[in-house]
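There are 2 protein chains.
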Amino acid sequence: MKPLLITVIIGVTFGSPILQAQAEKDSSTATSNVRGAQSPRIYADGRIIFTLKAPDAKSVQVAGGDGLGKGPFPMTKSADGVWSVTTPPAVPGFHYYWFVLDGVSVNDPGSETYFGYNKETSGIEVPEDGVNFYHVKDVPHGEVRTKWYFSRTTGDWRRAFVYTPPGYDKASTTRYPVLILQHGMGENETGWTKQGRANFILDNLIAEGRAKPMIVVTDCGYATKAGMSAVAAGPGAPARNFQQAFSAFGDVVINDLIPLIDASYSTIPDKQHRAMAGLSMGGMQTLFITLHHLDKFAYIGSFSGPIVARINAGKQPAGAAQPPQFDTKTAYEGAFADPSAFNKQVKLLWLGAGTEEKQFHDGIKGAADALKASGVDVVFFESPGTAHEWQTWRRDLHDFAPRLFR
Amino acid sequence: MKPLLITVIIGVTFGSPILQAQAEKDSSTATSNVRGAQSPRIYADGRIIFTLKAPDAKSVQVAGGDGLGKGPFPMTKSADGVWSVTTPPAVPGFHYYWFVLDGVSVNDPGSETYFGYNKETSGIEVPEDGVNFYHVKDVPHGEVRTKWYFSRTTGDWRRAFVYTPPGYDKASTTRYPVLILQHGMGENETGWTKQGRANFILDNLIAEGRAKPMIVVTDCGYATKAGMSAVAAGPGAPARNFQQAFSAFGDVVINDLIPLIDASYSTIPDKQHRAMAGLSMGGMQTLFITLHHLDKFAYIGSFSGPIVARINAGKQPAGAAQPPQFDTKTAYEGAFADPSAFNKQVKLLWLGAGTEEKQFHDGIKGAADALKASGVDVVFFESPGTAHEWQTWRRDLHDFAPRLFR
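Protein sequence lines correspond, in order, to chains A and B.
Plus 11 on top of the position in the first sequence (first one is 1) and you've got our numbering.
Plus 11 on top of the position in the second sequence (first one is 1) and you've got our numbering.
No wet-lab data here; the hints were simulated from the structure.
Worth double-checking, as some hints may not be accurate.
All copies of an identical chain are treated as equivalent in the list; a pair is satisfied when it fits inside any one copy or across any two copies.
[Unchecked claim] With a straight-line cut-off of 27 angstroms between C-alpha atoms, the simulated DSSO-like cross-links for lysine-lysine are: (1) LYS158 with LYS181; (2) LYS88 with LYS69; (3) LYS358 with LYS236; (4) LYS148 with LYS236; (5) LYS158 with LYS205; (6) LYS236 with LYS36; (7) LYS282 with LYS158; (8) LYS236 with LYS181; (9) LYS158 with LYS223; (10) LYS383 with LYS81.
Quick caveat: nothing in here was measured; it's all calculated off a predicted structure.
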């Protein structure tokens with residue numbers, strides 16, 4: 012990349028057809044773009060050029076998730092009404108983003124949409140040099156199946172996605188272990204396939220012989236018990252709201268989902284062949300559900316999931332990343348109180364965080380250290396250079412899945 | 012509905028909390044909304060109230076597909092910066108829509124997104140009184156599976172969706188017929204599930220015993236042969252572009268997709284158990300592909316698909332709905348020239364159109380009439396009151412599927 016060109020491109024760009032041609036030569040369309048869309052484009056060093064045609068707009072910015080940079084980045088308008096900006100090099104991986112058009116957050120028509128922030132949101136896939144464990148490769152592929160089911164817990168129809176490993180249909184007598192894998196706050200059951208590419212991660216690990224063939228189930232982590240009103244369980248909400256929402260979802264998992272999966276697929280329907288993991292809120296839910304049902308799960312993973320001292324107590328914000336009084340003796344109703352008994356019951360307790368999500372990382376690492384010191388076997392995994400974002404969670408799954416069902 | 016209230020609500024609305032409360036009481040959130048979104052809302056008579064918070068915008072309109080009304084509908088701003096409008100009663104069914112925010116078409120954050128117009132687009136589901144053949148019901152449900160495959164035709168990885176009927180997994184010795192079902196221009200392989208709800212239509216028909224259990228495959232109708240450049244095959248494009256694009260997709264279907272499906276699923280891999288249908292461009296593709304491969308298909312359906320006289324001739328716009336010189340003797344390289352032979356080879360030729368899409372309807376009906384007059388057995392189906400929109404195509408599938416594999 013020539014320094015002169017960089018200088019010109021950052022901030023202004025694409026006013027001239029010559030500059031546009033040069034930028035197109037040096038950059039590639041994002042794989043997250045819709046068919047045929049020429050914007051956004053990514054340079055080899057991770058800088059991204061975003062454009063939007065909006066001749067009548069007063070101001071346009073681009074903003075997004077952690078790894079995109081600090082933002083929002085003001086865009087500038089060319090003579091033909093196209094706004095553009097080149098952002099600093101982004102962290103590799105998937106980032107949500109959006110335009111702020113005269114004050115309103117809107118999607119980029121050039122991007123696929125991904126469910127996040129409780130809505131369909133644009134996203135950009137920034138390649139990581141030499142890393143392809145989540146790419147579609149020339150290996151046998153499993154399937155991701157939509158499974159509609161009626162939940163007695165919620166009194167309505169729900170949709171789960173079920174990954175069946177390569178060869179599942181042909182292997183009529185083989186039975187498989189099950190991983191339940193949950194998304195984060197504001198996301199839904201599509202996240203682990205669309206943003207996370209969990210199916211490709213599993214396909215590749217299985218092809219390499221590094222992970223056992225398994226069934227992976229993703230469901231929507233939001234649930235309201237039949238006849239009750241939905242409660243807000245987001246940042247700042249009282250702990251009792253989390254308790255109520257997590258409890259409803261826990262009932263879905265234990266009373267609806269697990270029986271459904273065991274009845275519908277060739278599973279090994281016991282604790283030794285059942286795992287649960289989740290990211291962020293999904294990690295909190297995983298700990299909440301599995302630690303109260305140790306008869307049902309032998310493998311537990313929490314990816315950037317805050318460890319809370321007493322989610323049932325209602326005395327502290329359950330969303331707090333740093334547990335104010337994490338006590339291995341009392342946390343989760345004493346699930347860890349007898350380390351030796353816990354280690355016999357649980358074959359894997361796996362906690363992870365990115366190094367750049369300090370507010371999550373430090374609390375989770377602190378809890379992992381305290382658990383280790385008390386004698387609880389725990390794996391703590393760090394994703395270098397990534398924050399509260401999907402590249403962290405892809406790496407988490409890539410480390411976690413090979414440890415399952417051994 | 013009280014007339015006074017209607018008068019007040021149309022156009023202005025929601026400036027007052029009392030009016031807002033009344034509107035919320037009389038209307039329901041659309042089922043196409045994302046989780047928790049309170050807008051858009053639909054009244055019992057099909058009027059829709061759209062809202063968007065945009066305090067700094069100069070102008071906001073809502074616009075959309077045929078059944079939404081003429082539009083665009085100017086929205087008006089309340090004191091709190093929320094723009095709103097109540098549109099006239101919409102045609103029942105699914106309609107794409109978008110906001111025009113200071114001149115830019117943007118999605119509604121309250122809506123799910125649906126791939127149309129070559130991008131992710133908002134959509135609204137307007138209920139039809141007493142009609143539920145495409146609803147999720149308490150019947151056995153099939154699955155929709157993602158099937159990734161490498162296409163030798165295009166030289167890249169492609170994604171198909173495969174509906175397997177209820178009980179498919181348990182019935183290890185049963186083999187099923189296959190319907191290949193294609194989307195329209197600007198859409199993709201997600202359309203028949205998300206907009207069309209084909210899985211629920213089939214689930215319900217099968218539960219009623221009206222359709223034979225079948226496998227339904229939807230693929231992306233866009234394809235470019237390996238090593239070639241993509242050509243534009245949209246409205247106004249020269250016929251040779253359609254020829255090139257349809258030919259590449261035809262090769263995908265014949266050489267990649269059918270062998271893949273027959274190798275991967277419990278199919279009956281012969282002509283008598285294979286159907287193809289599609290909507291609009293997908294209907295054109297269906298006729299183009301099946302009529303050139305009558306050794307492979309015994310059932311053919313074109314839903315609002317223009318019938319062209321000589322797609323290979325390159326002398327007329329292939330996108331023209333009204334065939335200028337449709338001649339049953341020469342059309343499709345003489346596929347219909349010998350009606351008796353055609354009727355022996357093809358068990359069903361099914362053509363449909365909505366009564367409100369005159370530019371498609373008249374050409375299709377004209378072709379159907381000419382074919383009938385010449386002795387070709389053809390079913391012509393009219394969807395009353397609907398235009399070039401998904402409610403037409405849902406009804407088409409609902410009529411078409413029960414006629415298959417008899």
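Comparing the hints with the structure gives:
Taking the shortest alpha-carbon separations for LYS158 and LYS181, both the intra-copy value of 20 angstroms and the inter-copy value of 15 angstroms come in at or below 27 angstroms. With identical chains, the CA atoms of LYS88 and LYS69 are at most 27 angstroms apart both within one copy (10 angstroms) and between copies (18 angstroms). In this assembly of identical chains, LYS358 and LYS236 lie within 27 angstroms of each other by CA distance neither inside one copy nor across copies; the values are 32 angstroms within and 50 angstroms between. Within a single copy, LYS148 and LYS236 get their C-alpha atoms only as close as 41 angstroms, which misses the 27 angstroms cut-off; across copies the closest is 20 angstroms, which meets it.
Taking the closest pair of Cα atoms, LYS158 and LYS205 come within 27 angstroms of each other both inside a single copy (17 angstroms) and across two copies (14 angstroms). Taking the shortest alpha-carbon separations for LYS236 and LYS36, only the inter-copy value of 23 angstroms comes in at or below 27 angstroms, while the best intra-copy value is 55 angstroms. Proximity of LYS282 to LYS158 under the C-alpha cut-off of 27 angstroms is restricted to the intra-copy arrangement: shortest distance 22 angstroms within a copy versus 30 angstroms between copies. Taking identical chains as interchangeable, the C-alpha atoms of LYS236 and LYS181 are never at most 27 angstroms apart, the minima being 38 angstroms within one chain and 31 angstroms between chains.
When the C-alpha separation of LYS158 and LYS223 is checked against a cutoff of 27 angstroms, the pair qualifies both within a copy, at 23 angstroms, and between copies, at 21 angstroms. When the C-alpha separation of LYS383 and LYS81 is checked against a cutoff of 27 angstroms, the pair qualifies neither within a copy, at 35 angstroms, nor between copies, at 66 angstroms.
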